[in-house]
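Taking the hints as your guide, dock the two standalone chains into a single complex.
For the record, the sequence lines run as chains A and B.
Going by this note's numbering, 57 is the number at position 57 of the first sequence; the sequence numbering is gapless.
Going by this note's numbering, 38 is the number at position 38 of the second sequence; the sequence numbering is gapless.
If you're looking for bench data, these hints aren't it; they were derived computationally from the structure.
This one's a predicted model, so the numbers in the text were calculated from it and none came from an experiment.
One should not assume that every hint holds.
To be verified - Listed below are several chain A residues computed to face chain B (Cβ distance under 8 Å; list not exhaustive):
| id | residue |
| --- | --- |
| 1 | S41 |
| 2 | I83 |
| 3 | A86 |
Claimed, not checked - Distance windows between CB atoms, simulated:
| id | chain 1 | residue 1 | chain 2 | residue 2 | range |
| --- | --- | --- | --- | --- | --- |
| 4 | A | I56 | B | I9 | 21 to 27 Å |
| 5 | B | I9 | A | D93 | 46 to 52 Å |
| 6 | B | R446 | A | D93 | 33 to 39 Å |
| 7 | B | A460 | A | M33 | 49 to 55 Å |
All C-beta atoms, glycine included, are put in the ideal place defined by N, C-alpha and C.
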Amino acid sequence: MLPIEAYLVLSAVLFTLGALGVLVRQNPIIIFMSIELMLNSANLAFVAFARLHGQIDGQIFVFFVMAVAAAEVAVGLALIVTIFQARHSINLDRLNSLKG
Amino acid sequence: MPADINASILAILPVIVLAAWASILLLIDLFFLRKRPGVTSALTALGLLVSLGLVLVRYPQTSSAFGGMITVDRFANFQNLLLLSSGLVGVALAHDYLKRLHLLRGEYYVLLMFSLTGMMLMGMASDLIIVFLGLELLSIPLYVLAGIAIPRPNSAEAALKYFLLGAFSSGFVVYGIALVYGAAASTGFREIIAAVNNGLANPLWLLLGAALILIGLGFKVALVPFHMWVPDAYHGAPTAVTAFMAVGAKAAGFAALLRLFVLVFPSLAQDLMPVFWTLAALTMTLGNVVAIAQSNIKRLLAYSSIAHAGYIIMALVPFGQVGIASEVVGSVLFYLVAYAFTSFAAWAVVIALEQNDETGLNLEDYAGLGRKYPALAAAMAVAMLSFTGIPPTLGFFGKFYLFRTVIQGGFIGLALIGVLTSLVSAYYYLRVVVIMYMRPGEPVVRQNVWLQITALGSAAVVVLLSVFAQPALTWVAQAILQLL
Chain A
1 MLPIEAYLVL
11 SAVLFTLGAL
21 GVLVRQNPII
31 IFMSIELMLN
41 SANLAFVAFA
51 RLHGQIDGQI
61 FVFFVMAVAA
71 AEVAVGLALI
81 VTIFQARHSI
91 NLDRLNSLKG
Chain B
1 MPADINASIL
11 AILPVIVLAA
21 WASILLLIDL
31 FFLRKRPGVT
41 SALTALGLLV
51 SLGLVLVRYP
61 QTSSAFGGMI
71 TVDRFANFQN
81 LLLLSSGLVG
91 VALAHDYLKR
101 LHLLRGEYYV
111 LLMFSLTGMM
121 LMGMASDLII
131 VFLGLELLSI
141 PLYVLAGIAI
151 PRPNSAEAAL
161 KYFLLGAFSS
171 GFVVYGIALV
181 YGAAASTGFR
191 EIIAAVNNGL
201 ANPLWLLLGA
211 ALILIGLGFK
221 VALVPFHMWV
231 PDAYHGAPTA
241 VTAFMAVGAK
251 AAGFAALLRL
261 FVLVFPSLAQ
271 DLMPVFWTLA
281 ALTMTLGNVV
291 AIAQSNIKRL
301 LAYSSIAHAG
311 YIIMALVPFG
321 QVGIASEVVG
331 SVLFYLVAYA
341 FTSFAAWAVV
351 IALEQNDETG
361 LNLEDYAGLG
371 RKYPALAAAM
381 AVAMLSFTGI
391 PPTLGFFGKF
401 YLFRTVIQGG
411 FIGLALIGVL
421 TSLVSAYYYL
431 RVVVIMYMRP
441 GEPVVRQNVW
451 LQITALGSAA
461 VVVLLSVFAQ
471 PALTWVAQAI
481 LQLL
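Chain B extracted, bound-state conformation (with noise of 0.2 Å):
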């Protein structure tokens, strides 16, 4: 037994380096760094880059742990890794934009690694129970993070909108795997299966509860009509934690989506492909269309967010047609890489241009940028091509990938939705584009390096890793699920 929990700890690791690494920061900033916050960003820095290594050196290893309640097989390593570059792009995001905005608190850094810890468990819950727990672990830091500059209106609104609607998701995620477990007597993926595979399942509450569970993560990943809170609470919340928000939270939803129902539910497939269907269909016609309205750029890029919403989850509806699997699962985590990476080059120029005072944010305010900043014009730009699916960047290749899956499903007509979807994206992608470039204009840019680190290496990777897509691709497609 001592044996087995020491391959347990060993295993997730990372997570607890990250969990203690975040309680020891908070006494150290509590103590010693009250009046120097930068070094607390540094020490974060460090704690991530640690936990990152971790993950790195066991890469392609895979195992069970604390008796099959988490799973560490490649998928969940890679989620890892996308996760971790998440967290640090947040404290590089971070470490400029609060000294300005005089939010000098250290808890910033903590509630972030705390954060990053749920989306870590996400992707390796191999149980309901570590879904949960997951879920509000992520859950709970990032609403305190919405608010973390209050007394500043918008961010109070955010945080209370961020946090009704989070709980509000939570208790359908909690009523369903009360049902799944009601249903199969037990909360355990590989028991769920063995009922399900021997007819032991009551089929109604297994049904009912899995929707459930989608209808509570569909709050999280921002799929219409569970999206209401997002504009408001990208648009409220402090830009960085909007950034860290918009990746982090979203591949951890997806990841906890695809394991259990790619891997857990594919019996219902049958059943909740057509809500799969109308989903992805809503979700990318809403988002793309009402972006086109906006014209404050936090509100266009998290309408922007919930149309991506609406392409990943249009890579699910096969989630039942046991070939394409790791069709589904590759093209997803595919996409979420694009996605991260056009976002954080987005989000990080959003932050350059932002004042102090919350202004800075409207489309206008980027006239001229191109003639007077070049180099962030231009990670703004591959970022919009990037978004729109244009090559030669990430983001075609993901969009590519995604249509190829659905279209291997045989669901032509829901690729043929997200294609005209992305016609229509163009308009107000480009315009951003257009507005850069082509009217003259005098933008105030906040120069900062770790800005511009974040813009240019974002975009570069978005550009160059388009040129190696197909090695890439086939790289992911070894991220399979696994059940140990």
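For reference, chain A alone in the conformation it holds in the complex (with noise of 0.2 Å):
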């Protein structure tokens, strides 16, 4: 088996990842993608904390982050469509009427 570690190098090598994702894209959808990739990222931690202290707390949260995280993906997208629908664009660079 592997060790523990292993898991939280990989969690936190996601977790980067995601974070850059929503720096650098452009795309609402590629950004929220990169958000989910954070999302389980941190799920892999708790999972792989849960196993380290044999507890279940761990796996317990996971079940609300997903939960939340699937609130946050009917808000998000209802979002997105509905701004497409009315300029057919979603790319960020475009949405730049505030400004100050």
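What follows is the structure in structure tokens.
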């Protein structure tokens, strides 16, 4: 079996990739995917820690995170679709009417 | 066990009432009130008042609920009073505003109540799970509220930016919680403290986790450099939503920060204190300096809210000094009250001057307000003086207590930065007053009784409460954090 550190390193790498993706990408859907990557890297860390401590608490937390992520998807995709219908583009470069 | 559950339910009854009422109201609105949205706002206000009454009835009592996941102490009750008042103001401001924007949607009020339940839970949380759920419950309805004026392009842009940055920040919070859980083998505050005190917690994971949670909550309360969504979200969102968001979300975020860092992580002060110091200095400076360049009142108030977050986080810099913990909590709560009522007055005036096509938001549109509408102009002037921190307003005493706490903590340099940036802020706040009273103009104002009541009532509270600042602070300082 892999040592617990392997899972933690993987989750840290995924988290970093997700955060970088949010910062460099311009398409809201890709940004949103990166955010999901961040949340799921945290889930991986939770499960790994639960295993390390021999507890179930971490696994329960994962369910909460998944439920919340689903709620965020519902709101986020609805927003993106509405904006696409109004503007025929969702690129963040073109969403720049607010300035100052 | 049943008795325990009953006590738990009783402890969070104000939150339950609010959530249940919101769910019921959603259905009532859907089936009976589609054509009469005025009734929805009245029913919402009723629900908020019932919840407020329940908080007041049990105000001095403290209890622990749901196996220690929730702590209802004086701090939580005080927070709940503040949040519910901000909810009432959100309803009062929206009543006429939504009507003239043709946004007659009952969802506004329902989402506002759901968001409030999240805010209230954050102040009561004694477990990182509740902190996370409260944070999301407050944020997700706010994303929708920011976009409730879609197809207005500004509202859509505000909602999308707020949503993306908000979800990004919850990623940080969740990962931080995961690391703290890894370090302490529990998400309960009591267990984390015990693990830290017994030296069982992995110090690196704990520090990293706390830092990530700080980043995530820093987004929510708009600390520089996590503030970039604030001007756009505040500007693009419907103004009534902005007013609610500016007070409620900030108060809830600071409640969670206070409970976490003063109560759970004081042992990390050695490492995190410089981070807090830098965040406070950056936030105060950037918020105030950039606000000078703004010509749109909503953006000006957005940057001003960033600056005020900087002042509040400044009082959190000595969070590890156990001796002045009650001063830290007391001065932050007192400042939140001052900031809340000042903001209510300012935003009510902004809504009164805003036209249906999103004009009337430039500073020039305020010219002549002092002559034509002296009452509204006076409310705005009081708000601006209070934001600057000029007596006799609540803002002055709020800042005074903040600076006193910071100096007691031994951070004289930081207090100096705070005073200097306050001087800078006087330029743009007083410019609004000068434009209102000195320049001739024909402002177009929407007369509405609820707007007037909110503006004048909040301004009156800001002035009158400053007369009783000392007893008020003593009362607020009793709102200590407890670990039951």
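Outcome of the hint check:
Interface restraint check: A:S41 against chain B, minimum CB-CB distance 7 Å, threshold 8 Å, status holds. This hint holds: A:I83 has a C-beta 5 Å from the nearest C-beta of chain B, less than the 8 Å allowed. Below 8 Å, beta-carbon pairs count as interface contacts, and A:A86 has one with chain B at about 5 Å; its hint therefore holds. Restraint check, A:I56 to B:I9: a C-beta distance of roughly 25 Å satisfies the suggested window 21 to 27 Å.
Between B:I9 and A:D93 the C-beta distance comes to about 50 Å, which sits within the given range of 46 to 52 Å. A hinted range of 33 to 39 Å holds for the C-beta pair B:R446 and A:D93, which are about 36 Å apart. Under the hint 49 to 55 Å, the C-beta atoms of B:A460 and A:M33, about 50 Å apart, fit the expected range.
Of the hints listed earlier, there is not a single one the structure fails to meet.
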